[in-house]
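Going down the list, the protein sequences come from chains A and B. According to the numbering used here, numbering within the first sequence proceeds without interruption in unit steps and concludes at 744. According to the numbering used here, numbering within the second sequence proceeds without interruption in unit steps and concludes at 258.
Simulated from the structure, these hints should not be mistaken for lab results. It cannot be assumed that every hint is accurate.
Unchecked claim - Partial selection, computed: residues in chain A whose CB lies under 8 Å from chain B:
#1 VAL510
#2 CYS524
#3 ALA533
#4 ILE588
All C-beta atoms in this analysis are idealised placements derived from N, C-alpha and C, irrespective of residue type, glycine included.
Okay, here's what each chain looks like letter by letter:
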Amino acid sequence: MKEQYDIIVVGAGPAGSTTARFAAAGGASVLMLEKDRDVGYPVRCGEAVSHEGVVQFIQPDPKWIAATVTRFRLVAPNGKSVVPRLDGAGYVLERRLFDYEIAKLAAYEGAEVVTKAYVYDLLKDDNGKTVGVKALIKDKPAEIRSTIVIGADGVESRVGKWAGIDTTCHIHDMESCAQMTIAGIEMEQDCLEFYFGDATSPSGYLWVFPKGKGTANVGIGINVEEAKKKSAIRYLQEFIDRKFPHAAVLTHIAGGVPCAKTCDTLVKNNVMLVGDAGHQVNPVSGGGIISGMIGGMIAGQIAAEALTMNDLSYLTEYEKRWQKRLGWRHEVFYNIKEAISGFSDETLNNIADSALKLPEEKRTLGGIFRSALWNQPSMLMEVAKVFIS
Amino acid sequence: MQRKTPLMIHIVPGKCDYCGCCVGVCPEDAIELMESRISIIDERCTNCCKCVWACPWEVIQFHREGVEQLATIQPMYLNEQEQ
Numbered sequence: 356m357k358e359q360y361d362i363i364v365v366g367a368g369p370a371g372s373t374t375a376r377f378a379a380a381g382g383a384s385v386l387m388l389e390k391d392r393d394v395g396y397p398v399r400c401g402e403a404v405s406h407e408g409v410v411q412f413i414q415p416d417p418k419w420i421a422a423t424v425t426r427f428r429l430v431a432p433n434g435k436s437v438v439p440r441l442d443g444a445g446y447v448l449e450r451r452l453f454d455y456e457i458a459k460l461a462a463y464e465g466a467e468v469v470t471k472a473y474v475y476d477l478l479k480d481d482n483g484k485t486v487g488v489k490a491l492i493k494d495k496p497a498e499i500r501s502t503i504v505i506g507a508d509g510v511e512s513r514v515g516k517w518a519g520i521d522t523t524c525h526i527h528d529m530e531s532c533a534q535m536t537i538a539g540i541e542m543e544q545d546c547l548e549f550y551f552g553d554a555t556s557p558s559g560y561l562w563v564f565p566k567g568k569g570t571a572n573v574g575i576g577i578n579v580e581e582a583k584k585k586s587a588i589r590y591l592q593e594f595i596d597r598k599f600p601h602a603a604v605l606t607h608i609a610g611g612v613p614c615a616k617t618c619d620t621l622v623k624n625n626v627m628l629v630g631d632a633g634h635q636v637n638p639v640s641g642g643g644i645i646s647g648m649i650g651g652m653i654a655g656q657i658a659a660e661a662l663t664m665n666d667l668s669y670l671t672e673y674e675k676r677w678q679k680r681l682g683w684r685h686e687v688f689y690n691i692k693e694a695i696s697g698f699s700d701e702t703l704n705n706i707a708d709s710a711l712k713l714p715e716e717k718r719t720l721g722g723i724f725r726s727a728l729w730n731q732p733s734m735l736m737e738v739a740k741v742f743i744s
Numbered sequence: 176m177q178r179k180t181p182l183m184i185h186i187v188p189g190k191c192d193y194c195g196c197c198v199g200v201c202p203e204d205a206i207e208l209m210e211s212r213i214s215i216i217d218e219r220c221t222n223c224c225k226c227v228w229a230c231p232w233e234v235i236q237f238h239r240e241g242v243e244q245l246a247t248i249q250p251m252y253l254n255e256q257e258q
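Work out the full structure, taking the sequences as your base and the hints as a guide.
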């Protein structure tokens with residue numbers, strides 16, 4: 356490890372590693388710091404991604420794919436389920452191996468990676484300008500200098516706050532999550548299952564994702580306003596007791612997902628934010644792997660270009676490109692999330708009923724969505740915005 | 176915001192999964208999370224309870240009588256101030 360780098364990336368999840376990869380490929384000297392002793396562990400994720408999302412960054416490899424899925428099942432509160440036709444495939448990942456591979460891609464481009472490296476503050480000069488980080492490297496205090504600091508420090512991000520960016524997620528938008536990986540169960544290996552309704556997962560959803568023969572990730576995300584009344588782990592335990600009473604529990608994790616619009620500010624005082632740290636999450640699905648990697652790619656490229664041009668004011672170009680690529684869509688998705696999360700059990704049941712009446716070839720996500728619109732006309736405005744913008 | 180009451184937020188030692196959900200909703204940057212160590216920064220915490228509600232595992236608790244008598248861990252932030 357050197358004393359000075361062009362860029363320090365804080366956090367080695369998929370967003371951080373992708374940032375480091377593209378920044379290093381653009382010619383920058385990059386140090387990536389991970390607070391945990393391992394890259395990729397502990398996993399805090401349902402682990403589902405689309406094929407088209409992942410191939411933008413890496414060729415799918417059976418080594419880190421636990422299951423390939425071609426269908427998904429939406430289960431209404433009354434138990435009726437709809438299996439929409441799906442274009443393209445998806446994967447349930449082994450994140451602990453996937454994250455490793457993504458970090459390796461950064462290393463191939465020349466980025467340095469240090470684990471058990473906890474960043475606890477920004478290093479600032481007398482004028483308050485960010486000039487690096489203060490960290491505990493393997494428990495020893497260190498000050499490491501860099502021209503740019505990129506916060507990829509996840510839902511628990513503090514890097515942005517230290518730079519004066521408000522990254523606090525409102526409790527209405529934070530999904531409080533719990534997940535168990537269970538084994539010894541019967542489960543279709545090609546189908547993602549989503550359960551909706553006030554009894555199982557108010558304001559959010561509960562997922563059952565296949566993870567290889569007889570194994571699944573069973574998890575739940577509910578917003579904190581609901582979790583205040585009854586916590587995520589209680590809903591999850593009830594579901595597992597009811598549905599998989601004899602399952603073996605292999606892992607048992609907690610998590611948080613910022614299902615919000617992207618932070619208004621992603622660049623300030625030579626600090627940039629990527630991934631969950633900047634709320635680059637699809638607010639409807641809570642998926643953040645691919646969107647965080649897209650944010651990381653853009654941030655890495657812009658940071659390297661800004662250094663080449665010797666013009667740090669160019670970093671704000673990252674905010675513009677993110678907004679153009681995904682930020683605007685997440686704003687629309689956010690409004691759709693707001694409409695959907697207000698659906699009563701009765702409305703959800705009606706949607707499932709009308710979807711089941713559709714001929715099978717029309718039972719697409721779009722078809723179901725149209726039927727949802729009949730139940731909630733206010734959503735029409737939000738959908739209209741998708742086409743107008 | 177200066178708090179006039181004692182600290183009332185307590186993280187049950189050894190039960191936390193260190194997931195960071197609480198840190199994400201904390202408006203005061205008053206929680207420090209390391210690999211397997213978490214602590215409340217007393218001088219910043221306003222007892223707003225958002226972390227209590229957010230915790231998926233019910234590991235963060237609110238004690239109206241204050242938490243001084245309960246075991247807590249010194250945050251890195253304070254160690255730094257003392258140096």
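- Which earlier hints turn out false for this structure, listed by number in ascending order? none
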